[in-house]
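Required output: the full structure, derived from the provided sequences and hints.
Residue numbers (full-length UniProt numbering), protein chains in the order written: chain A, 1 to 311; chain B, 1 to 311.
Be aware that one or more of the hints could be misleading.
The list makes no distinction among identical chains, and a pair is therefore deemed to hold if it is satisfied within one copy or across any two copies.
What the hints assert, rightly or not - Taking lysine-lysine pairs in the DSS-like style, the calculated list, with each CA pair at most 30 Å apart, reads:
hint : residue 1 : residue 2
1    : Lys149    : Lys197
2    : Lys196    : Lys122
3    : Lys289    : Lys90
4    : Lys210    : Lys24
5    : Lys198    : Lys28
6    : Lys96     : Lys289
7    : Lys216    : Lys28
8    : Lys122    : Lys264
For the record, the hints were derived by calculation from the structure and aren't laboratory data. Note that the structure is predicted; figures quoted are calculated from it, not measured.
There are 2 protein chains.
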Amino acid sequence: MKCCFGVDVGGTTVKMGLFGESGKILDKWEIVTRTENKGEAILGDISASILNKMQERQLDKSAVLGVGVGVPAPVTGDGIVTGSANLGWKYKEAKKELESFTGLKTRIENDANVAALGEMWKGGGLGQKNIVMVTLGTGIGGGVVIDGKIVPGAHGSAGEIGHICVNYEETDVCGCGNFGCLEQYASATGIVRLAKKKLAQAEIDTILKKEEVSAKSVFEAVKAGDAAATEVAEQFGRYLGYTLANLAAVVDPAVFVIGGGVSKAGEVLIPFIQKSYLERALFAVKDVKFTLAALGNDAGICGSAKMILGE
Amino acid sequence: MKCCFGVDVGGTTVKMGLFGESGKILDKWEIVTRTENKGEAILGDISASILNKMQERQLDKSAVLGVGVGVPAPVTGDGIVTGSANLGWKYKEAKKELESFTGLKTRIENDANVAALGEMWKGGGLGQKNIVMVTLGTGIGGGVVIDGKIVPGAHGSAGEIGHICVNYEETDVCGCGNFGCLEQYASATGIVRLAKKKLAQAEIDTILKKEEVSAKSVFEAVKAGDAAATEVAEQFGRYLGYTLANLAAVVDPAVFVIGGGVSKAGEVLIPFIQKSYLERALFAVKDVKFTLAALGNDAGICGSAKMILGE
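Take a look at the structure:
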């Protein structure tokens with residue numbers, strides 16, 4: 001039986017999986033990401049872990065279809081990373097290095113794009129070929145999958161949904177250097193920012209005042225019927241829903257998959273996004289599904305494996 | 001030698017081309033689009049014209065690789081058109097009908113998407129595989145080509161760039177029923193609208209007052225150094241450039257190809273768009289080319305043929 005490896009490189013750990021050619025996860029493990037010295041050990045560590053696993057399972061090279069890898073950085077068509085703050089990398093010919101270490105065919109893409117492919121394959125986009133995944137974490141990432149294939153973009157920067165400008169009047173600067181990026185309103189950090197502005201208004205009675213405000217506490221307060229928290233959720237939904245309506249006029253997906261830490265709030269999120277989406281979407285693209293990501297931390301290894309097993 | 005047909009169905013004429021398998025245009029002609037009786041004759045007319053041409057040139061069916069067709073409507077993955085105002089069609093199984101008339105393999109896509117593929121192949125996007133084409137006509141159409149292939153979208157509505165909302169404060173309604181669509185500012189009609197608002201300001205001295213204002217007269221006045229016209233062009237460039245910056249964060253093309261009637265103004269357009277684009281684009285996608293469409297009326301037949309010759 002043939003198999004492949006799916007690898008998801010994060011700033012703290014590298015998640016790894018061994019997949020059968022039918023797509024079944026045969027094994028799953030993690031190694032530490034050693035980011036010291038500009039992350040020079042990372043690719044060697046990954047390669048050693050793959051070769052060890054092959055030895056442990058007595059897998060011959062001819063049985064391994066390849067290695068798929070997701071990294072937190074833009075990746076060019078040749079598998080070159082020009083810089084990753086999370087890993088400490090500057091210019092790195094990541095695909096070439098991994099292939100020379102392991103002797104296995106390797107494909108590398110941006111981690112958010114890979115996660116989108118994983119969710120299409122086994123998660124929130126199951127059964128679809130055209131999806132957009134939005135990852136609401138500390139920042140906002142995203143991935144576009146068209147006809148079952150990742151859209152990497154000419155500079156490896158497709159799916160950078162968090163940096164769509166949604167407010168040209170914004171005076172606070174985003175991490176990217178621009179002003180008014182979606183990430184400033186609809187990420188976990190952005191939701192806290194919206195909530196703090198709401199709390200700064202005098203005379204508001206809300207349970208949000210009782211504890212340190214977080215995206216989680218906002219949506220818990222929404223579930224408890226808190227009016228101020230609901231207004232924050234409506235603002236969040238408007239920024240995100242309007243943006244996705246614009247995005248639908250460009251790539252017209254069948255499903256939007258909402259993932260990342262914020263999505264742990266659950267189904268409560270969806271109506272806020274969907275209501276604003278429907279207010280603004282072109283009539284031809286109103287019939288779109290919104291689902292929650294379903295694979296959690298496995299999205300990356302699954303998407304990486306899928307790149308090898310055939311998009 | 002093998003060949004194929006490229007067909008571009010417009011509301012007035014159907015443009016048709018015969019292409020060699022190397023991509024050379026061997027013949028080019030037009031027939032009238034008979035839109036009466038819900039356009040019921042259109043597909044039969046196209047089929048008859050193809051069969052005539054095959055007879056005239058003594059082409060056997062085995063020599064014809066297929067027929068590519070662009071239509072002014074969204075097209076589903078099965079080649080079904082659910083309605084086209086320009087052609088009078090309601091629900092029409094266009095691919096199936098054409099294939100049964102001609103016995104030739106047929107592929108149908110939206111005309112703006114097809115034109116984008118044509119421009120990638122032989123026009124403003126020559127040498128590239130990831131392009132976005134923006135067609136600035138009476139309205140605004142567009143097409144997205146990723147890895148050399150048209151992105152049709154789940155509802156056949158990808159590339160509807162004209163209906164991205166760029167102004168949530170707008171009170172005038174767009175043809176689509178929404179408010180603040182790009183088309184209301186950056187199409188030929190939109191540019192006239194911006195110019196008329198500028199002219200309505202008292203005390204403005206501008207050569208635009210001398211004649212009926214049009215997109216053409218605005219850009220001619222810009223070339224003549226007219227200050228008011230230049231301000232209108234700056235507004236146009238801001239709406240379009242900011243939108244393309246947002247779009248680049250989603251699909252990250254290598255080139256934006258600007259086409260349609262407005263693009264006949266020539267190179268004078270580009271700096272207005274590019275300046276605003278660079279103000280707002282994410283750092284990773286700033287290095288993008290802006291080119292003018294180069295194929296004119298042939299973009300449709302070329303893109304249609306390219307769908308058959310292999311994207």
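Practice task
May I ask which of the numbered hints given earlier this structure violates, with the numbers listed in increasing order?
Solution key: As far as the earlier hints go, 1, 2, 4, 5 are violated by this structure, in ascending order.
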